[in-house]
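Spelled out from the first residue to the last, the chains are:
There are 2 protein chains.
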Amino acid sequence: MTDVPKTHPRYLSLTLRDTIVAGVAQGITSVHGLIAHGRGEAFDYLIGETTQPFAIEAIHAAAAMLRLAKHPVISVNGNVAALVPDGLIELGQVLNAPLEVNIFHTETGREQRIREHLLKHKARSETSPANVGVEGAPDVLMPTTEAQLSYIDSNRKFVHPDGIFKADVVFVPLEDGDRCEALRKMGKAVVTVDLNPMSRTAQQASITIVDNVVRTLPLLCKEIREFSDSTAADTVSQYSNEAVLKKALQHISRCGNG
Amino acid sequence: MTDVPKTHPRYLSLTLRDTIVAGVAQGITSVHGLIAHGRGEAFDYLIGETTQPFAIEAIHAAAAMLRLAKHPVISVNGNVAALVPDGLIELGQVLNAPLEVNIFHTETGREQRIREHLLKHKARSETSPANVGVEGAPDVLMPTTEAQLSYIDSNRKFVHPDGIFKADVVFVPLEDGDRCEALRKMGKAVVTVDLNPMSRTAQQASITIVDNVVRTLPLLCKEIREFSDSTAADTVSQYSNEAVLKKALQHISRCGNG
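From first to last, the protein sequence lines stand for chains A and B. In short: position in the first sequence from 1, add 135, done, that's our numbering. In short: position in the second sequence from 1, add 135, done, that's our numbering.
It is possible that part of the hints are untrue.
In this list, chains with the same sequence are indistinguishable; a pair is considered to hold if it fits within one copy or across any two.
[Claimed, not checked] Below 25 Å or equal to it, Euclidean Cα-Cα: the simulated BS3-like pairs (lysine-lysine) are: (1) Lys141 x Lys301; (2) Lys320 x Lys205; (3) Lys292 x Lys357; (4) Lys357 x Lys382; (5) Lys141 x Lys320; (6) Lys205 x Lys381.
Hint data in this document are derived by calculation from the structure and do not stem from the laboratory.
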């Protein structure tokens with residue numbers, strides 16, 4: 136798949152990159168998505184490539200908010216579909232929430248290929264030893280022209296009436312800023328995962344997990360499972376996204392000084 | 136070419152990205168190169184998307200070093216070929232130095248397509264009103280199996296005997312760390328352009344211009360033209376790459392605090 140020699144000092148990082156490049160080959164990830172992945176890599180490098188305390192704090196609040204949601208929905212783009220399909224399926228199961236395909240660059244057939252990719256992983260999940268007989272493998276919803284988001288011009292405005300359109304909390308990892316803003320303007324809470332604490336998405340989301348989505352999803356699923364409803368409301372009301380983003384920025388600055 | 140709406144707040148940045156995506160479509164840029172471009176975008180964002188004083192200082196020293204070189208060579212990969220073909224040709228003309236194609240991921244025929252892309256721009260340069268009758272449009276050299284770099288495992292070890300192999304100074308923008316290290320071990324001076332001041336390339340090059348190559352090349356060509364040989368040696372001997380990298384890091388850290 137790659138000609139990176141094993142002696143290359145960044146062999147592991149370069150090999151991980153191949154996962155997202157494979158997403159392009161499969162027609163799931165857009166080439167623009169690769170550039171976004173590179174931006175994420177740079178910020179992850181600055182963050183230290185581990186889940187930091189500010190991310191743990193945000194994951195804890197996100198677990199509470201998603202647990203309390205009446206109609207949570209998981210928005211899926213081409214990057215997360217390629218990187219963490221099983222994590223998305225697991226999150227949908229834990230929350231009993233649908234996945235909804237929503238992408239920016241709509242090369243012909245890409246939305247459908249993302250759906251098929253998720254269904255393949257969902258089918259695998261449903262028949263896995265741990266899940267046999269367990270209900271709740273999530274639906275995969277597709278954009279429609281019946282329901283549209285306000286405050287947005289791009290293709291991403293087309294959503295599913297039973298999905299993002301009626302959601303009270305939307306989990307939108309690796310998001311673009313304008314859709315995050317539109318969802319907030321429509322009164323929805325947004326939980327995002329973004330390695331850049333200065334991005335518009337990070338600044339506008341209700342809860343921003345500044346971490347690599349590959350590390351975040353297992354932790355988030357675990358937290359949601361363990362949360363008690365009685366403490367969730369307090370956790371959400373006490374959470375300050377502004378304070379968490381400030382800690383993330385301070386961390387990056389210290390790294391730059393080191 | 137793109138479906139990014141003009142009302143999108145990052146329209147310009149997204150449109151610029153299309154240049155490098157087009158490089159992929161033309162078979163010049165590797166998909167891995169797109170990820171690297173994204174990393175660069177992130178660091179450029181932190182740097183402020185302008186050429187900062189630490190870059191000006193490095194460009195000044197690089198102009199002196201390249202001017203004094205007996206056998207300078209310009210190494211070209213798929214990203215710079217897509218982003219700045221005319222700038223590379225101009226630099227080759229100013230220095231009377233060959234371009235040499237040298238890439239990490241060697242998908243079939245990509246080296247040849249980069250060469251053809253450069254020759255197209257070189258031909259255009261040779262017949263442009265400013266250059267008619269001017270000699271020195273640079274040669275485009277290709278890797279050979281006759282000459283190999285030491286200290287390197289990947290495909291990048293294959294070089295041209297009259298190019299990188301015998302160069303005393305190599306200009307290698309958007310480089311990967313292991314080749315930079317190999318070139319230094321072989322006693323060659325390396326001038327690089329890298330937006331990440333912490334990268335191995337940045338740390339190991341003789342002169343690191345922490346800037347976007349799109350902004351750097353015109354400034355570098357102008358400086359080389361204006362340099363007098365009598366001051367060039369002093370400029371090189373007084374330059375400290377370590378000090379310049381430290382300034383770049385401090386700048387990024389201040390940005391993080393802002």
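Hints, one by one, checked against the model:
no.: 1; hint: Lys141 x Lys301; verdict: neither (49 Å within a copy, 28 Å between copies)
no.: 2; hint: Lys320 x Lys205; verdict: within (19 Å within a copy, 62 Å between copies)
no.: 3; hint: Lys292 x Lys357; verdict: neither (32 Å within a copy, 47 Å between copies)
no.: 4; hint: Lys357 x Lys382; verdict: within (24 Å within a copy, 43 Å between copies)
no.: 5; hint: Lys141 x Lys320; verdict: between (49 Å within a copy, 20 Å between copies)
no.: 6; hint: Lys205 x Lys381; verdict: neither (30 Å within a copy, 51 Å between copies)
Checked against the numbered hints above, the structure breaks hints 1, 3, 6 and satisfies the rest.
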